[in-house]
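Full structure from sequences and hints, please.
There are 2 protein chains.
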Amino acid sequence: MTDVAVDEQRRTRRREGGGRRDAGGAAEGIGQQPAGQARLGFEPTRYVSDDQLEAIHLASLEVLQEIGVEVMLSEARDIYRAAGGSVDGERVRIPAGVIKAAIATVPAAFDFHARNPERALRIGDGYLAFGTVGSAPNASDFVNGRRPGNLEDYRGFLKLAQSFNCIDFVSGYPVEPIDVHASVRHLVALKDMALLTDKPFHAYSLGTERILDGIEIARIARGVSREQFETEPSLFSIINTNSPLKMDIPMLQGVIEMARAGQIVCVTPFTLAGAMAPVTVAGALVQQNAEALAGIALTQLVRPGAPVIYGGFTSNVDMKSGAPAFGTPEYMKAAIVGGQLARRYKVPYRTSNTCAANALDAQAAYESVFSLWGVAQGGGNLVMHGAGWMEGGLVASFEKFVLDCDLIQMVKAFLQPLDFTRDALGLEAMKEVGPGGHFFGCAHTMARYETAFYAPILSDWRNFEQWQQAGSPQASDKAHKVMRQVLDAYKAPSIDPAVAEELEAFVARRTEEGGAPTDF
Amino acid sequence: MTDVAVDEQRRTRRREGGGRRDAGGAAEGIGQQPAGQARLGFEPTRYVSDDQLEAIHLASLEVLQEIGVEVMLSEARDIYRAAGGSVDGERVRIPAGVIKAAIATVPAAFDFHARNPERALRIGDGYLAFGTVGSAPNASDFVNGRRPGNLEDYRGFLKLAQSFNCIDFVSGYPVEPIDVHASVRHLVALKDMALLTDKPFHAYSLGTERILDGIEIARIARGVSREQFETEPSLFSIINTNSPLKMDIPMLQGVIEMARAGQIVCVTPFTLAGAMAPVTVAGALVQQNAEALAGIALTQLVRPGAPVIYGGFTSNVDMKSGAPAFGTPEYMKAAIVGGQLARRYKVPYRTSNTCAANALDAQAAYESVFSLWGVAQGGGNLVMHGAGWMEGGLVASFEKFVLDCDLIQMVKAFLQPLDFTRDALGLEAMKEVGPGGHFFGCAHTMARYETAFYAPILSDWRNFEQWQQAGSPQASDKAHKVMRQVLDAYKAPSIDPAVAEELEAFVARRTEEGGAPTDF
Chain A
1 MTDVAVDEQR RTRRREGGGR RDAGGAAEGI GQQPAGQARL GFEPTRYVSD DQLEAIHLAS
61 LEVLQEIGVE VMLSEARDIY RAAGGSVDGE RVRIPAGVIK AAIATVPAAF DFHARNPERA
121 LRIGDGYLAF GTVGSAPNAS DFVNGRRPGN LEDYRGFLKL AQSFNCIDFV SGYPVEPIDV
181 HASVRHLVAL KDMALLTDKP FHAYSLGTER ILDGIEIARI ARGVSREQFE TEPSLFSIIN
241 TNSPLKMDIP MLQGVIEMAR AGQIVCVTPF TLAGAMAPVT VAGALVQQNA EALAGIALTQ
301 LVRPGAPVIY GGFTSNVDMK SGAPAFGTPE YMKAAIVGGQ LARRYKVPYR TSNTCAANAL
361 DAQAAYESVF SLWGVAQGGG NLVMHGAGWM EGGLVASFEK FVLDCDLIQM VKAFLQPLDF
421 TRDALGLEAM KEVGPGGHFF GCAHTMARYE TAFYAPILSD WRNFEQWQQA GSPQASDKAH
481 KVMRQVLDAY KAPSIDPAVA EELEAFVARR TEEGGAPTDF
Chain B
1 MTDVAVDEQR RTRRREGGGR RDAGGAAEGI GQQPAGQARL GFEPTRYVSD DQLEAIHLAS
61 LEVLQEIGVE VMLSEARDIY RAAGGSVDGE RVRIPAGVIK AAIATVPAAF DFHARNPERA
121 LRIGDGYLAF GTVGSAPNAS DFVNGRRPGN LEDYRGFLKL AQSFNCIDFV SGYPVEPIDV
181 HASVRHLVAL KDMALLTDKP FHAYSLGTER ILDGIEIARI ARGVSREQFE TEPSLFSIIN
241 TNSPLKMDIP MLQGVIEMAR AGQIVCVTPF TLAGAMAPVT VAGALVQQNA EALAGIALTQ
301 LVRPGAPVIY GGFTSNVDMK SGAPAFGTPE YMKAAIVGGQ LARRYKVPYR TSNTCAANAL
361 DAQAAYESVF SLWGVAQGGG NLVMHGAGWM EGGLVASFEK FVLDCDLIQM VKAFLQPLDF
421 TRDALGLEAM KEVGPGGHFF GCAHTMARYE TAFYAPILSD WRNFEQWQQA GSPQASDKAH
481 KVMRQVLDAY KAPSIDPAVA EELEAFVARR TEEGGAPTDF
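Sequences listed follow chains A and B, in order. Take the first sequence: its letter number 386 is residue 386 in my numbering, and every next letter is one higher. Take the second sequence: its letter number 67 is residue 67 in my numbering, and every next letter is one higher.
Keep in mind that the hints are not guaranteed to be accurate.
Copies of the same chain look alike in the list, so a pair counts if it fits in one copy or across any two.
What the hints assert, rightly or not - Cut-off 16 angstroms, straight-line C-alpha distance, at most; resulting in silico cross-link-like pairs (EDC-like, lysine to aspartate or glutamate): (1) K159 to D488; (2) K491 to E28; (3) K481 to E66; (4) K431 to E70; (5) K246 to D88; (6) K100 to E62; (7) K320 to E512; (8) K100 to E501; (9) K481 to E70.
By construction, these hints were calculated from the structure, which means they are not laboratory data.
Shown next, in the form of structure tokens:
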């Protein structure tokens, strides 16, 4: 770890200090670590050589130039044309020079603001930010089973998001509240997000009306002027391309409105190798890169310097069934090489904590940890679906949320640099103990034992006999208990009554107006 | 990945080709990958800076010079004294210059031979070799539960070791066959190892007689002269120091006899931070390094150029109970920095796949994958306890063996480099499919889909409904089924009848002589 990294780590600790002072809903007594972003103290893995990285880069430019991208929104086509792209019907071909010029203005790092200033995040600069599961159509827990998403479950996940220190932001609707009519769902859901949590959040790019509503709700929650808001990113939106090589109208409207308002766009091609992308990982990465560059360029053409994130979501499908697979070796490779690509362009990088498991068993754990391996060694900055994602995103699981928080805490503890002071090197302790002794009672141990090691939320380290006498619990049993405990202890974060009132009034007015169209 | 790495990977593929031709007991129909060692195609993670690494190095030299090591065997003390160490009773203090001169002759890499030449391993050079669980006192499976180790279970694990292509060697007795009398246990167990598998194996350093018997059994199994055997490492032995800073007589006898015979010594300090080592990870690493250097130096003083491995096994204890913890963030850091130390001295590096779980649940999986993360990103070469280890080593689990083989296969698939041919970059496929299409049926996919992605042994990727209809199986259920299937299909590898006869005769004679003393 370099000296610079250590300096920065101190800064991280200050952030943690900030988090610690804030009592906004953090659950106690379950083995939580203090809030504060983790930061990579070592160079991310260079899985491919510089030449190989250049081959992906050049091939993706060739794709944009020769095949082009189908751009469904005429306003977006006009923007590409004005910058030097060639438009043929809906097909837009973009020369390498246009891409290069456009992405030159991308900020390498920026702050992501929250209504509680202590929840602000640094995106880029080697920092990691972990979000909740997002966009699952179903929810599940061990008592009530698996069911379509609803508002109560949606709120439950927001409460978990607020209560766990390791969750830095809300990744969208953890579960879709489908019992709320689609025309006003975004109003109800975003108001809840702003009231039940004080962490940074996401709005969906589902057409101009919804994203403008999201932008306004984020601004009101922050209690700042439009002018200040535009210079302080306070909302993000995931833009999934319709891979291969297509961008639909609602998403393009989102890119344009978010960039125009100085808010964060995360361009994430959904490039499943063998389905929506070539069956080779290198080919899928070429396509991912082409689509990401096209979207990132658009943000900069709308507003040079607009905050934007390079999203990687390349995985593979099960070739027997066509079902998406996650946390696979191919996923890991794509996550790490995606990071190399993002760093090549000096754009913050988004990855995810994914799995395809149906049960909270060994599979759920190994697929998630393999994903997190890709996240951390790939230098991921914004980590979507950090906690609660199962079944390839079809389910938000309350118990998986807790398991993932333990995994995230372990990754963060792994990234916490070692102490290299003379005292930490332990020479005096070794002299005191001497050959053949033990360190249990020595002064060096006594001064540190309470905080020396990561204390897990779930891991059961009792010996077999004690564990068996306790009923042979599995990690998932403990996850359920902790989840109940945290939900029962939830307290909403405080909010300025004037801000809350303005939020309510805005949502009431927009609801009265009928919300947003549902015919897209 | 550099060109050199790719060249070497071709060499690895040739190894795999070799493995494929060999039908020696490999189980079919369970999703096995071909045999062949994985190789790291990227630089291992530099978790600490060069300066920090140097601080550990210098502190460990200070420990050896100022505190020294308790060396219980007079013959070993004489060797250190002759090289320039100072001896005071049993305490040996070793100046930095003596360590430096001694370790200068360590080979950076070597071949580890097996009785089947196609099973030979490369130790070092970035290659990974995965072994079985070793030395567990208990065995368990879902039907018969947890019981003290016995010969039948011991043989069962050898059969699994032989049947799974991803298992490169046997790490010692997977489970201790305690129903065989201690005086002859090593004879019975090593004969079984040589007959039931044709992969490289381990003998315990439990005094001169046992290790000499192990050396002779390995030589007979290889069917080579003593002279050839001494230049072709064909056996390895783990030397655990009695941390802190102590080496006992049976282990020291093992170091001396193994090095003298040109066989592989793996010096592994058992440095649990907070128990047998300082409570800080940096301090535990200082002690690990001091003990490892002392042991490695001894091998070279006995026989310059003798094959030796730097073993890292630093983990932490649960400070509530004193129980060892594994697969923790501290374990990961120690595994990765241990690799940096080993590479500093240009010695091959041993790590482990560990966990402390009592059940084959999410905890078993996440602790193991975190361990494997440390193994791979730390540049581990010899991976002990690769498959089957549970409860911090107290149990060898038949089902965990299968789970771990799936995990090892995934790590190996992750390390398999990407194809960067023009065709693999997929431009033609993207042109064929075009924006908005899909790749399921295109020529590029059809030509590759059967082998494009890793096909897991255990992961259940069916959708929820199909999975539920199948009885909602957990990964552990499938592990049990696969384990039974593999054991039922086991076939012993062929052996030259003359070699088998010589083995039997040697073991019969040594048994008649009474085996080895049991009063140590």
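Unsatisfied constraints (hint numbers, rising): 3, 7, 8 and 9
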